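**Q** Based on the sequences and whatever the hints tell you, model everything.
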Amino acid sequence: MDKFITGIQNGYEVFIKGVQNIFEGFITWIIRIYESFYNALIPDQRYMAYLDGLKVTLLISFMAILLGIAIGVVVAILKVASSNYKIKWLTRICNIYINIIRGTPLMVQLLIIYNLIFNSRNTNELVIGAVCFGINSGAYVAEIIRAGIESIDKGQMEAGRSLGFNYIKTMRLIILPQAVKNILPALGNEFIVLIKETSVAGVIAVTDLTKAAQYVGSRTWDILPPLIIAALCYLVIVMGLSRLLSVFERRLSKGDRH
Amino acid sequence: MDKFITGIQNGYEVFIKGVQNIFEGFITWIIRIYESFYNALIPDQRYMAYLDGLKVTLLISFMAILLGIAIGVVVAILKVASSNYKIKWLTRICNIYINIIRGTPLMVQLLIIYNLIFNSRNTNELVIGAVCFGINSGAYVAEIIRAGIESIDKGQMEAGRSLGFNYIKTMRLIILPQAVKNILPALGNEFIVLIKETSVAGVIAVTDLTKAAQYVGSRTWDILPPLIIAALCYLVIVMGLSRLLSVFERRLSKGDRH
Amino acid sequence: MIVTKNLKKAFGDHMVLKGIDETIEKGEKVVVIGPSGSGKSTFLRCLNLLEVPTEGEIWFEDINITDSKENINLIRRKMGMVFQQFNLFPHLSVKQNITLAPVKLGIMTKEEADRKAMELLKRIGLTEKADAYPNQLSGGQKQRIAIIRSLAMNPDVMLFDEPTSALDPEMVGEVLDLMVQLAEEGMTMVVVTHEMQFAKKVGTRVLFMDEGKIVEQNTPDQFFDNPTHPRLKEFLSKVL
Amino acid sequence: MIVTKNLKKAFGDHMVLKGIDETIEKGEKVVVIGPSGSGKSTFLRCLNLLEVPTEGEIWFEDINITDSKENINLIRRKMGMVFQQFNLFPHLSVKQNITLAPVKLGIMTKEEADRKAMELLKRIGLTEKADAYPNQLSGGQKQRIAIIRSLAMNPDVMLFDEPTSALDPEMVGEVLDLMVQLAEEGMTMVVVTHEMQFAKKVGTRVLFMDEGKIVEQNTPDQFFDNPTHPRLKEFLSKVL
Amino acid sequence: GTKEKNEKLIVGTEAGFAPYEYMEGDEVVGVDMDIAKAIAESMGKELEIKNMDFDGALLAVQNGTVDFVAAGVSVNEERKKVMDFSVDYVDSVEVVVVNKDNPAVADVEDLDDKVIGVQQGNIADFWVEDNVNAKEIKRYTKFAQAAEDLKNGRIDCIVMDQFPAEELVAANQELAILDGILFEDKYAIAVKKGNKELLDEINSVIEQLKEDGKIEEFYANHTSKN
Ligand SMILES: Nc1ncnc2c1ncn2[C@@H]1O[C@H](COP(=O)(O)OP(=O)(O)OP(=O)(O)O)[C@@H](O)[C@H]1O
Ligand SMILES: Nc1ncnc2c1ncn2[C@@H]1O[C@H](COP(=O)(O)OP(=O)(O)OP(=O)(O)O)[C@@H](O)[C@H]1O
Ligand SMILES: [Mg+2]
Ligand SMILES: [Mg+2]
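Chains as they are written, first to last, in the numbering used here: chain A, 3 to 260; chain B, 3 to 260; chain C, 399 to 638; chain D, 399 to 638; chain E, 3 to 228.
Hints were generated in silico from the structure; no laboratory data involved. These numbers come from a predicted model, not from an experiment. All residues carry an ideal CB built from backbone N, CA and C; glycine is no exception. It is possible that some hints are incorrect.
With a straight-line cut-off of 16 Å between C-alpha atoms, the simulated EDC-like cross-links for lysine to aspartate or glutamate are [said to hold, decoys possible]: (1) D:K636 x C:E449; (2) C:K424 x C:E449; (3) E:K137 x E:D103; (4) D:K636 x C:D460; (5) B:K156 x C:E449; (6) A:K156 x D:E449; (7) C:K636 x D:E568; (8) E:K188 x E:D112; (9) C:K636 x D:D575; (10) B:K57 x E:E29; (11) D:K611 x D:E593; (12) D:K631 x C:E568; (13) C:K631 x D:E568; (14) C:K636 x D:E420; (15) D:K520 x C:E568; (16) D:K636 x C:E572.
With the C-beta cut set under 7 Å, the calculated list includes, among others, these residues of chain E facing chain A [said to hold, decoys possible]: (17) D57; (18) L61; (19) A136; (20) K140; (21) Y142; (22) E150.
To give a feel for the contact side, a few chain A residues facing chain E, derived at Cβ under 10 Å [as the list claims (entries may be wrong)]: (23) E127; (24) G204; (25) I206.
**A** Here you go:
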C-alpha cells in the first residue's frame, strides 16, 4: 500500500516536472521569439528602415499606377480605334508592346528597362522604380480598359448608333461612362498587385520594404523576423486596400440603383 | 561656271562622306551589338548557362504546378465542402491560407518558406524551388478550381439534386466534369504565370534562367545582352505555350459540340 | 399526396411565401398562375425542398419531408422537376442524360435504363437524337428531353416551372402536347405557367398567387369566367 | 419610303439574307414574322445599317444609304429602332435617356428636349418616373421608355425587333397598346413580332420570312386565312 | 557533430566576385572554389556548390543549409559572434572604383557625401556604414549591376576588394581604381558556430595549401585569363 502511494507520489512529481519543463521550454521559446522580433525592430531605430521602405513601396506603386494608367489609356484607345478604323500596323504595335510585357518576367523587364533608360546619378530612386513598374503596368491597364469596354453589352453601342450618334460620341457618352464602373475597381486591384510586385525592386538598388527587411536581416543575422514583419505590413496593406476596394465597388454598383 | 561645278563636286563629296560616316557608324554599331551578344552566348560555352537555367526554370515551374494542383484541389474541396456543411473553422483556415498567400509578395513568401522549411543541407535546389512556388501556387489553384465550379450554372446542381442525387454525387457526376473544361485552361495559364514568376527564384540559391543571365552579365560586365537573351527565351516559351493553350481550349469547347 | 401546412419562405428579410396551406391529391393537375415575383417558383421549389422552407411543414405521401430525419434524396426520386431553362447536362449525350440517374442511383441496370430511355425517346419521336448532345437540339427538343429525363425515374408527381417560357413560339406547341399526354395518362402535375389555354384544357384546379399567398383557386371554368379577387380580375384582363 | 434591292447579308460563309426586294411605303405598318433564325432581325437591322449588307442596295427617302458617301448618322436620326432587350442607358435617368440624343446631336436645346420628354412621358403615364433610373422600372415601363426615346427624335419610320418578347405576359399589353396608338397616328412601322393579334389588328401587310427570303406576303386577313406557302401553313398551325 | 555522415560537402558562395568565384559556362569556379575543392578532396567527399546572394550565403551557413561559405568573407567581430572562421587565407585590400573620365571621387579619403555602391552584407557595406558619411549607400546583390550603374553615372564609386576590382577595370575601360587603400582585411572560410570538426579540417587544408604555395597558383590560374 505504501509502495502504491510512493508510486503515485513519484508519478505525480515526474508529471509536475514534465509540465514544468514544457512550460519553461515554452517560456524560453517565447522569450527567444520576443528577442528576435525586438532585435529586428528596435535597436538602431530599425523600425525606421521598415517605415522608409514601406514609404518607398507605396510611393513607387502609386506613381507607377498613375504612369500605367497614362500609358494604358493611350494604348487602349489606339488599339480600339485602330481596330475600328482598320489601321493594322498601329494595332500591331500596341499588341507587340502588350505581348512583350505580358510574355516576360517583371524582374527581367525591370533590369532591362533600368539599364536601358537611366543614366543620371541624380534620378530619384522613386522615379526609377515608378518608370520601370509603370511601363510594365501600362500593358495590364490597357487590357483592363479594353476588357471594361468590351464588358458593356453591345446593345448599348447599337442603341447609341441607332439614335444617330457616331462611333466616337457613342463611346464617350454611352459606353465609357458605364465602362468606368468596371474599370475603376480593376485599376484598384492593379494597384494592389503593384504593391506586391514592387517587392522585386531591390534588384535595381531601390530600397523598398522587402529590401529593407532583407537589410535588417543581414545586420541582425536573423533573417526570418524582419521578413515576417515585412510580410505582415504587406498583408495589412493589401487586405485593407482590398476591403476598401470592395466597399467602393459596392458603392459604385449601388450607384446604378440610385 | 567652274566654281559652280566645284561647288557641286564639293557638296557631293561632303554628302558622300556624310553617308559614309553614317554608314560606318551604323556598321560599327552593328558589330558592337554583334560582339556583345556573341560574348554573352559563345565563349566558355555560355549558352549552356542559359540552357541549364531554362531547364531549372521549366522543371521548377512544372513541379510547382503539380504541387500547387495537389494543394489547390485539397483546399478547394475543403472550402467548398466545409461551407456546404457549415464547418466554419475549416472554411476559415482555408481562407487564412489563401489570404496570406494572395496578400503578400511572392518574393517575401519565398524567403520565408525557404528559411523556415529548408534547414537540411541535402535538398535539391529543384525541390526547394518547387516546394516554395508550389505552396504559393496552391492558393491560386484553389481559387481557380472554386471559380471553375462556380462558373457552372446553378441550374445544373438543382437538376442533379431534383433527380435524387446527393450533393457529393451531383458534384462528381455533373458539376466537376463540366467545371474541368474551365479549370484546365486556367491551370495552363497558371503554369505560364509560374514560369514568369520563377524568375525571382534567384534569391533562394536556385540558378534559374534569370539568375543564369545575371551571372553571365557578371562575367562579361555587359549586363543587357544576357538579359535580352533571357527575355527572348521567356517570350518564346510563354507565347508558344499561350498559343498551345488557346488551341487546346478551342478543342475543349469544340468537344461540347462533338 | 402533397400537403403544405403554413408554408413560409423568406430570403433574408424578404418574405416570399407568407403561409400556404394547400393539399394536392393524387391525379390532380394543378396550374399555378400569378404575376412575376409573386412566389410561384419559390412555392414549386419548396415542394421538393430545392428551397428549404423557413417555417411550416410539407407532407408527401404521408411523410413529413421537412423533417430533417427524412432522406430528401430518396423522396426527390419520386418527384420529377422540369425547369424553365431545361438544365440538361451538356457534357452528356441525350441518352446518357436520361439514364444517368436511374443507373447511378442503382434503380435500373444499364441495359434496363437504356431500353427505357429508347422507349421514352420513341414516344416523343426523337430516337435519332439519342446520341446527340444537348446543344445540337432545338429548345423544344431540349425541354421534351428534360421531361422524359424526369419520367425515366417513374415519379409519382411532376413539377413544371414555366416549361415553355424560354421557347420560341413555334416550339411551345410540341412541349405542351407532351404535357397534355402526361396529364391524360393520369400523372399528378403541378404546373407554373403563363399558357392560359393549357390551364383551361388540362387543369383540374387553377391557383392564383399574389405576393406570396394563394388568393384564389377554382376549377378552370369558374376561375377564368368568374374571377372574384380584384387582383386576379386585373391580371386576367391584361393577360387574356 | 424604304426600298431594298437584292439585299443580301452573309456572316462569314453563312448566308442569312438571300436577296430581298421590298418596298415599304410611307404610312405602312409592315409586320414581319417567321421561324427563329430565318433572318428577321438581320433584315430589320440592315434597314438602318446596324448590319452592313454584303450585297444590294437600300434606299431611304430617295437616298441610297448603302452608298458610302452618305452620312449614315444623319439618316439614322430619321429611323427609330426598338430592341427586344430595351437597351436603355443604365447610367442615365429616364429623362436623360430621352433627351440625350436630341440635345447632344444639337437638334433641340436642353429646355426644348426636356419639355418634349415630359410630354412623351405624360403620354405614356410615366411622368413620375422622369428621374428614376432604368433598373427601377418594370420591363413594360422600360420598353415604353425605349419607344418614346426613339420618338423624341421625330423619326419618319420606327423599326421594332420583337419588342414584347422579353416581357412578362402581364406587361405585353401596355407596350402593344402604345404601338397601336403610334400606328393609328400614322407612323410608318416595320415590326418583327410573334404577336399575331397585333399583326391582325394593326398590320397593313404581313411578311413571312423563311431561310433568308420573304416567301409570302399579304394583307393580314388574306395572310392568316389563306396562307399558300406550305412552310407558312406549318408555321401558322403551330403558332396560332 | 556526430550526426554528420553526409557524402556531400556543400559550399555556399556568390559567383559574381571574380577571381574568387565566378561563372564559367554553367559552372562556378574561382580561387575560393579551388580551396573548397581541396577541402572536399581531403575529406573524401563530393563538393556541391550553392550559388546564392552573398548575405543569403552567410545566413545559410548559420542555419545549416550549407556546410561552409567561401565567398571572400571578411572576418570581423560582428560576424564572429554568429559563425566561426577558419584561419585566413588571403589578405585583402579594399579599394575604390570610379569612373575614369569623370571621377566623382578624387581620393579614397574623400567618400563623404557620395553615392557609394557596395554589395549587400559585404564587409564594405558595414565599413562604409560605420566610417563614412555617405550621401547614400546603394546595396547591390551583384557587382556587375553596380559596375553598370557606375559606368552610367548613377553612383559615384564602388567600394570592393582589390582583385575583383582589377578584373572589373580590366573589362571596363571606362572605370579605374583610385590610388590608395581604403582599409585592409582578411578573408577566411565561415562555418556554423561550434562546428569544430569541420573547422579543424578546413584549417589544416588551408595551412597545407599555403605551405605548398597552392593559393598563389590558384590566383595565377584565375587572373591570367582575362
Ligand atoms: N434565391 C433567392 N434569393 C433572394 N431572393 C429570391 C431568391 N429567389 C427568389 N427571390 C425573390 O423572391 C420573390 C419571388 O420569386 P419567384 O421566383 O418565386 O417569383 P415567380 O412568381 O416565380 O416570378 P416569375 O414569374 O418572374 O418567375 C422575388 O421577389 C425574387 O426576387
Ligand atoms: N453577328 C452575327 N454573326 C454570325 N451569325 C449571325 C449574327 N447575327 C445573326 N446570325 C445568324 O444569322 C441567322 C439569322 O439570325 P436572325 O437574328 O436574323 O434571326 P431571327 O429571324 O431574328 O431569329 P429570332 O426569331 O431567333 O430572333 C441565325 O442563324 C444567326 O445565328
Ligand atoms: Mg418563376
Ligand atoms: Mg431576332
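**Q** Now tell me if each hint is right for this structure.
**A** Structure-based check of all given hints:
Among the hinted pairs, K636 of chain D with E449 of chain C is inconsistent with the structure: their alpha-carbon atoms are about 36 Å apart, more than 16 Å. Restraint check for K424 of chain C and E449 of chain C: the C-alpha separation of about 23 Å exceeds 16 Å, so the hint is violated. Restraint check for K137 of chain E and D103 of chain E: the C-alpha separation of about 22 Å exceeds 16 Å, so the hint is violated. The suggested pairing of K636 of chain D with D460 of chain C is violated, with an alpha-carbon distance near 42 Å, which exceeds 16 Å.
Straight-line distance between C-alpha atoms of K156 of chain B and E449 of chain C comes to about 13 Å, which keeps the hinted pair within the 16 Å bound. About 13 Å separates the Cα atoms of K156 of chain A and E449 of chain D, which keeps this hinted pair within 16 Å; it holds. For the given pair, K636 of chain C sits about 6 Å from E568 of chain D by alpha-carbon distance, which is consistent with the 16 Å threshold. Taking the CA atoms of K188 of chain E and D112 of chain E, the gap is near 24 Å; set against the 16 Å cutoff, the hint is violated.
Restraint check for K636 of chain C and D575 of chain D: the C-alpha separation of about 11 Å stays at or below 16 Å, so the hint holds. The suggested pairing of K57 of chain B with E29 of chain E holds, with an alpha-carbon distance near 15 Å, which does not exceed 16 Å. A threshold of 16 Å between alpha carbons decides the hint, and for K611 of chain D with E593 of chain D the separation of about 21 Å lies outside it, so the pair is violated. For the proposed pair K631 of chain D and E568 of chain C, the alpha carbon gap of about 12 Å is at most 16 Å, so the pair holds.
With a CA separation close to 12 Å, the supplied pair K631 of chain C and E568 of chain D stays within the 16 Å bound. The hinted pair formed by K636 of chain C and E420 of chain D fails the criterion: a straight-line CA distance of about 35 Å is larger than 16 Å. About 37 Å separates the Cα atoms of K520 of chain D and E568 of chain C, which puts this hinted pair outside 16 Å; it is violated. Proposed proximity of K636 of chain D and E572 of chain C is supported: the alpha carbons are some 8 Å apart, at most 16 Å.
With a cut of 7 Å, the hint placing D57 of chain E at the interface with chain A holds, because the nearest CB-to-CB distance is about 4 Å. For L61 of chain E, the suggested interface contact is upheld, since its CB lies about 5 Å from the closest CB of chain A, less than 7 Å. Evaluation of the A136 of chain E hint against chain A yields a violated restraint, the C-beta minimum of about 13 Å exceeding 7 Å. Residue-level restraint check for K140 of chain E holds (minimum Cβ-Cβ distance to chain A is 5 Å; threshold 7 Å).
Interface hint status for Y142 of chain E: upheld, as the beta-carbon distance to the closest one in chain A is roughly 6 Å, under 7 Å. Hint on E150 of chain E holds. Least Cβ distance to chain A is approximately 6 Å, under the 7 Å limit. For E127 of chain A, the shortest C-beta to C-beta distance to chain E is roughly 9 Å, which falls under 10 Å, so the interface hint holds. At about 8 Å, the closest approach between the beta carbon of G204 of chain A and any beta carbon in chain E falls short of 10 Å, and the interface hint on this residue holds.
Interface restraint check for I206 of chain A: the shortest CB-CB distance to chain E comes to about 8 Å, inside 10 Å, so the restraint holds.
When held up to the earlier numbered hints, the structure conflicts with 1, 2, 3, 4, 8, 11, 14, 15 and 19 and fits the remainder.
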